[in-house]
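Visitor: Next come the chains, spelled out residue by residue.
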Amino acid sequence: MTVYESDLPGVGKKHEVDLGDGSRLVIVTHNTGKREVFRRASADSDSEKLFELTDKLARQVGTLLEGAYFQPVQTETIETLLGGDTLIEWVEVGANSDIAGKTLGESDLRQATGASVIAIERGDEVVTSPGGDAMVEAGDTLVVIGPKTACRDFVALVKGA
Amino acid sequence: MAAALLEFGYLFAVLAVVGAVALRLGLSVIPLYVGGGVVAGPYVAGRFGLPYVPNGEVVTILAELGIVLLLFFLGLEFSLDRLRASGAKIGRAGVIDLAVNLPIGVAIGLVLGWSPVEALLLGGIVYISSSAIVTKTLIDLGWIADPESEPILGTLVFEDLAIAVYLAVVTSLVLGGDGGVAAIGRSLAIAFGFLGLLFVAVQYGTALFARVLDVENQEAFVLRALAVVVPISGAALALGVSEAVAAFFVGMGFSTSGHRERLEHLLVSVRDVFAAVFFFWIGLGTDPTLLAAAAVPLAIAVVLSTPSKVLSGYLGGRAYDLSAHRSLRVGVGMVPRGEFSLVIAALAAAGTTPVMRDIIPAFAVGYVFVMSALGTVLMQRSDLVERLVFRGGETDGEASAEGA
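Same order as they appear, the protein sequences are chains L and H.
With our numbering applied, the first sequence covers 44 to 204.
With our numbering applied, the second sequence covers 20 to 423.
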């Protein structure tokens, strides 16, 4: 990724990020803290303003883009939703996971951890309330419900090493 | 006392109303503040027997504070290091800008039969673009994200430096008056002596500036900053030296003290209040009937200095390796004139000849009215300007290298 930085005397700073398709994302950071975000489709075209953010909002959106903000909020909402200690987790089955290529009955994770699989997402397809004969493959996403500790054990087992 | 307070109430009410109009219509506030001053002042409201704001001593002093704070902020945002870092490009664009536009104004004055100092005042008014209006329009139109904003803002930085030197010289020429070469020489020597010492002080006094402002309390912070810049500016003026340049240097001193952002943040509304009073005060002193006397130089200046700024800006854009289209926009973007032309007009008004006292200030007000509006409209309709200039299809400019 190439970033071009330039000074805008009396205004602030400008950063341009090459998006790889010839277009650039242009971020103008004003001395007041305001951010304006533009997209310039090609070197010869004019920048098109996408949106502007206050300093505080920009930092929050920034952590979201960075991926640092997503997880805690997700857990928090779900805990509130279900109440008590129970929560829902999404976990992707890794290529080296022990349960890949087995049915739910064969791996018997409910016995081992106490968390139940309530759905299997495979691409666009979703198998809801899968039975013991439902096959789990690498790349699937399992939706699991159970007490917090059970969910944590489940995730650890499924992800594998 | 009561009458004076009432007059000030009237002044701020007019500023608030025209400010609201400017905001609603998306116009620059500067010409509207000036216009408000003209209408609410002795020459219009006064003549019609309506209540008016007299052009008194107190307004003059507050307006003077406006000049000091405008230039103080300019110094605050000016950085010699930055100028040095991107020096070659800014230098080329800035020198072209200066070499094209200042002589045109001077030439207009000389052709009208004015004295060299009067012509030099006209040259300055015509030369200096408005940082406030240009920057605001760049942001409003989104040009700020495009490559043309760099030569435009770079040239404005060069102009800041040029105007500091210009004001230092011209203040001495105007205030040094008619005492002949010896008197002018002496006042120039005082100016450069005082400003030279001040410049050295701000270059090496960073620690001192930092210590002065090292206080948590906001009120104490603001008062301390004013307690440095205002007395130094006042001392400069008492010696016949440009108070504006003194304020500019003090601003430069503060800019490296590590308190720049806090200063900008806390003082910006103080500056805006006094700057608005300054623009209003310029209007108070403007007799609209004198605009008729200034009509000829005004018409000549508008017709010549609009294309000259477009041309110098275009060449400046080319110096930044921009395409022909973008370079043309740089030219269009430099057209608005505003606050600094009025600062020069205020200096001229302190002069001794009728041309300086009456014609040049009226000229400057009319010129700023026309150029702030014309410049903003040209920027908004730059597509039409481009079509007009690049008539008959695309030019080779599109194919040339784009600045990264």
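Since the hints were made in silico from the structure, they are not lab data.
A hint or two may mislead.
What the hints assert, rightly or not - Listing some non-contacts, in silico: residues in chain L with all C-beta distances to chain H over 10 Å: (1) P52; (2) R83; (3) I131; (4) G175.
What the hints assert, rightly or not - Once the Cα atoms are required to be at most 30 Å apart in a straight line, the calculated BS3-like pairs of lysine-lysine come out as: (5) L:K145 with L:K92; (6) H:K155 with L:K191; (7) L:K145 with H:K108; (8) L:K77 with L:K99; (9) L:K77 with L:K92; (10) L:K77 with L:K145; (11) H:K155 with L:K145; (12) H:K108 with L:K77; (13) L:K191 with H:K108; (14) L:K202 with L:K191; (15) L:K92 with H:K108.
Note that the coordinates shown come from a computational prediction; the quantities given were computed from them, not determined experimentally.
Just so it is clear, CB atoms sit at the ideal spot from N, CA and C, and this is done for glycine as well.
Visitor: Taking the hints in turn, state whether each one holds.
Guide: Consistency of the hints with the structure:
1. Distance check on L:P52: its Cβ comes as close as 5 Å (rounded) to a Cβ of chain H, failing to clear the 10 Å threshold; non-interface status is violated.
2. Distance check for L:R83 against chain H: the nearest CB is about 7 Å away, which does not clear 10 Å, and the non-interface claim fails.
3. No Cβ of chain H approaches the Cβ of L:I131 within 10 Å, the least distance being about 42 Å, so the stated non-interface status holds.
4. The Cβ of L:G175 lies farther than 10 Å from every Cβ of chain H, with a closest approach of about 58 Å, so its non-interface assignment holds.
5. Proposed proximity of L:K145 and L:K92 is contradicted: the alpha carbons are some 51 Å apart, above 30 Å.
6. Between H:K155 and L:K191, the direct Cα distance comes to roughly 54 Å. Violation of the 30 Å bound is thereby established for this hinted pair.
7. Restraint check: the Cα-Cα separation between L:K145 and H:K108 comes to about 67 Å, which exceeds 30 Å; the hinted pair is violated.
8. With a C-alpha separation of about 9 Å, the suggested pair L:K77 and L:K99 falls inside the 30 Å cut-off, and the hint holds.
9. For the hint pairing L:K77 with L:K92, the CA-to-CA distance comes to about 14 Å; that is within 30 Å, so the pair holds.
10. Straight-line distance between C-alpha atoms of L:K77 and L:K145 comes to about 53 Å, which puts the hinted pair past the 30 Å bound.
11. Of the pairs offered as hints, the one joining H:K155 and L:K145 is violated, with about 65 Å between alpha carbons and a cut-off of 30 Å exceeded.
12. A threshold of 30 Å between alpha carbons decides the hint, and for H:K108 with L:K77 the separation of about 28 Å falls inside it, so the pair holds.
13. Between L:K191 and H:K108 the CA atoms are separated by roughly 62 Å; this puts the pair beyond 30 Å, and the hint is violated.
14. Distance check on the hinted pair: L:K202 and L:K191 sit about 17 Å apart at the alpha-carbon level, within 30 Å; holds.
15. Taken as a hint, the L:K92 and H:K108 pair is honoured in the structure, with Cα atoms around 28 Å apart against an allowance of 30 Å.
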